[in-house]
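**Student:** What follows is the residue order along each chain.
Protein chains: 2
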Amino acid sequence: MAFDLTHAYAVIMAGGGGTRLWPLSRRERPKQLLPLIGQETLFQSTVKRLEGLFPPERILVVTVEEQAREMKSQTPELPDENYLIEPAPRGTASVVGLAAMTLQKRDPMASMAILPSDHFIRNVDLFHYLLKAAFEVADRSYLVTLGITPTLPSTAFGYIQQGSPLDGGYTYPVYEVKSFKEKPSEKTAQQLLHSGDHSWNSGMFIWRTDAILDEIRMQMPRLHGTLEFIGSRWGRGDFDASLKEKWLDLKTETVDYGIMEKAERVAVLPAGGLGWSDVGIWSSLFEVLLPDMNGNIATNATSHLALETNNTLVYSGSDRLIVTIGVDDTIIIDTGDALLICKTDQSQKVKDVVEHLKKHRQEKYL
Amino acid sequence: MAFDLTHAYAVIMAGGGGTRLWPLSRRERPKQLLPLIGQETLFQSTVKRLEGLFPPERILVVTVEEQAREMKSQTPELPDENYLIEPAPRGTASVVGLAAMTLQKRDPMASMAILPSDHFIRNVDLFHYLLKAAFEVADRSYLVTLGITPTLPSTAFGYIQQGSPLDGGYTYPVYEVKSFKEKPSEKTAQQLLHSGDHSWNSGMFIWRTDAILDEIRMQMPRLHGTLEFIGSRWGRGDFDASLKEKWLDLKTETVDYGIMEKAERVAVLPAGGLGWSDVGIWSSLFEVLLPDMNGNIATNATSHLALETNNTLVYSGSDRLIVTIGVDDTIIIDTGDALLICKTDQSQKVKDVVEHLKKHRQEKYL
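Chains A and B supply the protein sequences, listed in that same order.
Okay, so the first sequence: first residue is 5 according to this note's numbering, each after it adds one.
Okay, so the second sequence: first residue is 5 according to this note's numbering, each after it adds one.
By construction, these hints were calculated from the structure, which means they are not laboratory data.
What you are looking at is a predicted structure, and each value in this text was computed from that prediction instead of being measured.
Among the hints, erroneous ones may be present.
Identical copies go unnamed one by one, so any copy, or any two together, can satisfy a pair.
Claimed, not checked - Simulated pairs of lysine to any residue, SDA-like, Cα-Cα distance not exceeding 25 Å:
id, residue 1, residue 2
1, Lys109, Leu278
2, Lys136, Arg269
3, Lys355, Ala310
4, Lys362, Ser307
5, Lys368, Gly340
6, Lys191, Gly56
7, Lys255, Lys266
8, Lys368, Thr339
9, Lys355, Asp260
10, Lys76, Gly20
11, Lys136, Gly276
12, Lys363, Leu311
13, Lys355, Glu265
14, Lys255, Gly56
15, Lys368, Leu311
16, Lys353, Pro295
17, Lys266, Ser189
18, Lys250, Gln108
19, Lys182, Glu367
20, Lys347, Thr303
21, Lys347, Asp333
22, Lys248, Arg221
23, Lys353, Asn300
24, Lys353, Asp333
One chain only, chain A, in its complex shape:
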């Protein structure tokens, strides 16, 4: 495979705010800006992961004003003009539209890979291989998505059902997409896991900018109209003002349900062995970090003294000593103003804590 990537761009989506990694992630310190795994932040790792495939000038970041400054300081290698600022978050469909419109103006032949800023991928070589393959398929005007071969019956992800293999003499498996499925119930997740033809929706998409803009025109004419209007101000002094004005009127919609579900030419590349995690919940760190012989993980150079302790993850933002005795299957997150101690299998309840804090106006912890 020697596909020409001269017009291929990476677009990193980085506006999100999640609450499931509280108390480490906060409004002002969203997950992608934190050094969760090793010394780099997830955002830095996402950029670094693209080295060798995209030069910095072909890596774009779409984010919100509040996060842009920190991101720029974390990745000084990216040109300033490659940061696209959303006036306010309006869902992934709008992000995709803004990025596609911008790239069209800069390079009418542009293809793009949309990549979340806060995921982990262990096998970078395979990731590069898959992206190149996806760009090759996308060149034939397919909307391509990377599917993750499921390893457990997760109810935290949407699923993609594959149909027939795609014609075209590809040397890797690629299929037409039969359907996108929302996050399933536990029972359904079990069935999907064993079906053999479903992947997790990773939120990674690859397409030509003209193809995705065509699709937006058909599926989301209002968004397309807005993009046309903003695009008509391209290079003019009132571009930012018109972007801001028009953007606030957009409805919030996702690329999955706003575009992909109804599109005709959609393909999936299923990926096993990528070592992918969305790091969406504290327990997911057990999948991406290497535990010691007792299954314990001390992240971020935490000083952990463990007696009769198993399968326990400790994260400390300071150099204090953390001692555990007789503790099993627990996650301990020690930050300046808050301490979380949570059974691993209940880490999904962290979001309930954040809801509680919101409801009781404990702003300083949010």
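Dock chain B against the given chain A, drawing on the hints supplied.
**Tutor:** Leaving out everything else, chain B in the frame of chain A:
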């Protein structure tokens, strides 16, 4: 019972250093000086508990130089000259001797109650009643000890076996002591619990100063000689110097094995319902603090947000928020430089942690 307490004194022993309440208790901050239960320190509570029975001028404290200043600031109501400073810790027998000699010099008719500084007693009225009774028995030259009616087969305490009821027309139960027993094995502890004639040795003793000095003369002639020599310097300018010089030569011995075991006239008042605890281990706080409906205890005004959490004790030295999810039967001690998370039934292993820290010269945590 209207026994005259004019010559009755309380002597609080407060030199100890224990490690089992780490990380809260440290070399510089021993257990008795900490506000473990409510706002007062255990030492302050011990002094306060004597209100109504002893005026401040009849309450003495025996401690070491390093702790005296903090103690004086915690209990300004006690006269300065009522602090007796041990040049170095030499066991409870020496403390008893020093206090008895001092009281003899001040008041030849003195009786004294020896009381640990770091225990908890809920039922203060009953405690007063028992002390008065004990002084009455002691007035007949008995060495009296308060026994605690056991509620579980503890291996953490010595036991006292009672013999025949003491003649004398007492309106409360009081027995001759048949034997003192060291901390038993688990199996023996079960037998002692069900025997019906064994109490825990609480370390609280009541006697006339002349009676205990006589006993020291017989059982521990060397200590007695030292006390005589020091006593001969009473009121002289070289008293402190001779105390310091002679004290360092003493052997370390306990009152239980050095004196009580071999004494002739020894009596025990068994006490049930005193709500006593030696607060010797973190799990003992569950016996003395009132839990909420889920069995959780947040001490020291700790801010604890509990989800699916049961029988868990949280102590925080700061105002940080502590969140637990799915946590059961756990003790969480959050101090400035160290955090302990320990299954309640393993709190005896805290001392192993301290040993480990000593061995690895982690002085700053000791």
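**Student:** Go through the numbered hints given earlier and state which of them the structure violates, listing their numbers in rising order.
**Tutor:** As far as the earlier hints go, 1, 6, 13, 14, 19 are violated by this structure, in ascending order.
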